[in-house]
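Asker: One-letter residues, chain by chain:
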Amino acid sequence: MAITQDVKLGQGVRIFHPELVNLYGCALGDETKVGAFVEVQKGAVIGARCKISSHTFICEGVTIEDEVFVGHGVVFINDRHPRATASGQLQTEADWQVVPTLVKKGASIGSGAVILCGVTIGENAMVGAGAVVTHDVPANSVVAGVPARLRGSAAAE
Amino acid sequence: MAITQDVKLGQGVRIFHPELVNLYGCALGDETKVGAFVEVQKGAVIGARCKISSHTFICEGVTIEDEVFVGHGVVFINDRHPRATASGQLQTEADWQVVPTLVKKGASIGSGAVILCGVTIGENAMVGAGAVVTHDVPANSVVAGVPARLRGSAAAE
Amino acid sequence: MAITQDVKLGQGVRIFHPELVNLYGCALGDETKVGAFVEVQKGAVIGARCKISSHTFICEGVTIEDEVFVGHGVVFINDRHPRATASGQLQTEADWQVVPTLVKKGASIGSGAVILCGVTIGENAMVGAGAVVTHDVPANSVVAGVPARLRGSAAAE
Chain L
0 MAITQDVKLG
10 QGVRIFHPEL
20 VNLYGCALGD
30 ETKVGAFVEV
40 QKGAVIGARC
50 KISSHTFICE
60 GVTIEDEVFV
70 GHGVVFINDR
80 HPRATASGQL
90 QTEADWQVVP
100 TLVKKGASIG
110 SGAVILCGVT
120 IGENAMVGAG
130 AVVTHDVPAN
140 SVVAGVPARL
150 RGSAAAE
Chain A
0 MAITQDVKLG
10 QGVRIFHPEL
20 VNLYGCALGD
30 ETKVGAFVEV
40 QKGAVIGARC
50 KISSHTFICE
60 GVTIEDEVFV
70 GHGVVFINDR
80 HPRATASGQL
90 QTEADWQVVP
100 TLVKKGASIG
110 SGAVILCGVT
120 IGENAMVGAG
130 AVVTHDVPAN
140 SVVAGVPARL
150 RGSAAAE
Chain D
0 MAITQDVKLG
10 QGVRIFHPEL
20 VNLYGCALGD
30 ETKVGAFVEV
40 QKGAVIGARC
50 KISSHTFICE
60 GVTIEDEVFV
70 GHGVVFINDR
80 HPRATASGQL
90 QTEADWQVVP
100 TLVKKGASIG
110 SGAVILCGVT
120 IGENAMVGAG
130 AVVTHDVPAN
140 SVVAGVPARL
150 RGSAAAE
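Residue numbers (numbering that gives the first Met the number 0), protein chains in the order written: chain L, 0 to 156; chain A, 0 to 156; chain D, 0 to 156.
Warning: the hint list may mix true and false statements.
What the hints assert, rightly or not - Taking lysine-lysine and the DSS-like style, the derived pairs with C-alpha atoms no more than 25 Å apart in a straight line are:
id, chain 1, residue 1, chain 2, residue 2
1, A, K7, A, K32
2, L, K32, A, K32
3, A, K32, D, K41
4, A, K103, A, K41
5, L, K41, D, K32
To be verified - Stretch-level coverage of chain D by chain L, calculated; a stretch enters the list once three of its residues show a Cβ under 8 Å from a Cβ in chain L:
id, segment
6, 22 to 29
7, 35 to 48
8, 58 to 70
9, 119 to 130
Don't read these hints as lab results, they were simulated from the structure.
The beta carbon of each residue, even a glycine, is placed where N, CA and C say it ideally should be.
Chain L on its own, in the form it takes in the complex (with noise of 0.2 Å):
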């Protein structure tokens, strides 16, 4: 099992395989469920009625709002030039900083998204499947494509 003991769980949180996640460091709000080889890392805060699904990487710096869904295999991303090294040596958290991402309330990410760093999802916005999220996306509104852009308006419930 990979989950620390400082990740914060809500109540009635369900964490369907806790040998196969490996979560440390992060919040997870009431009732959200959790898949399998699912990564959350620490600082991310995720909210209430979340559905976080299978093969999905969620890292420091993402806040997700409360009745989100992210599907399977989505990819967050918190460092716009990533590399291994500075001046030969591994990095370490002093050579780069952390840019935030954030998920709005009842929005849905489509399975095999990316979403780049430094963008907020509107509310009950919807992502493609497959879609490379570069810029913000609009409340309310639904993107597809690489890059993702507008492709309509979500269905309000």
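Given the coordinates of chain L, assemble chains A and D onto it according to the supplied hints.
Answerer: What follows is chains A and D alone, placed relative to chain L:
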């Protein structure tokens, strides 16, 4: 190990790392091979002599015929408009319908491809690596790109 | 734990979750770091002071030089025309040839990228997140998109 008792395994199925997969309620045909970090959901049916490569997700509603190659990190989908909640409560199975997908005999799906729901991938077709498949793929054709478009014919064996 | 005895580990290699990786027959250089849910196949060679991030797949035929950053969910490929079977029987190693790929010193590969086989990614080059690399990438360049195209120059450190 995350292989539930209700998984139907044909003769000679090879699951290289039973402790690193998540298989439940699915069926795998004779001699099919399954890599690490693979999830196959209930109701998914996979034929004989298939290769299901590492990091791939196969969901409910997917039928894969015999002799199909599925690359690494491939993602299938079964919901056109996924949402975490309905009226503020976590969705249940009553809130959405599975949209089926069919992969026909001898097809190959390249690594990193995303397969939208409701499509049929024809016999012996080849889906390029990283493609996002949004429409049916004709038999014996090659498709690639986002969205996947026709690029040529697959050589018959 | 899925790290076979034949894996060659340099000094100070850090594998954060040995129970959640699948490494066999490969070599990792000094001080290289490996995240969770990573698979590295036999014959793959990874240099010193690299970062191999979670959910990444590195196949036979791939050589990664020193100080390379490989993001999360990156997929390498070594077969141009993958098939599950040949003449109705599961393919064996006799049925196909490994096509090699080379990633040169100091390069960075963004998360979610797919690297087709037979390419060289030049020194200090940067591959954007979600890119599908189908051709060689010049040293000190930035590429992005599907297929990946030149977008600029990578800043020298």
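Asker: The structure should be examined with respect to each hint, and the outcome stated for every one.
Answerer: Now for the hints, and whether the structure bears them out:
no., hint, verdict
1, K7(A) to K32(A), "14 Å, holds"
2, K32(L) to K32(A), "29 Å, violated"
3, K32(A) to K41(D), "17 Å, holds"
4, K103(A) to K41(A), "20 Å, holds"
5, K41(L) to K32(D), "17 Å, holds"
6, 22 to 29, "violated (count 0)"
7, 35 to 48, "holds (count 3)"
8, 58 to 70, "holds (count 4)"
9, 119 to 130, "holds (count 3)"
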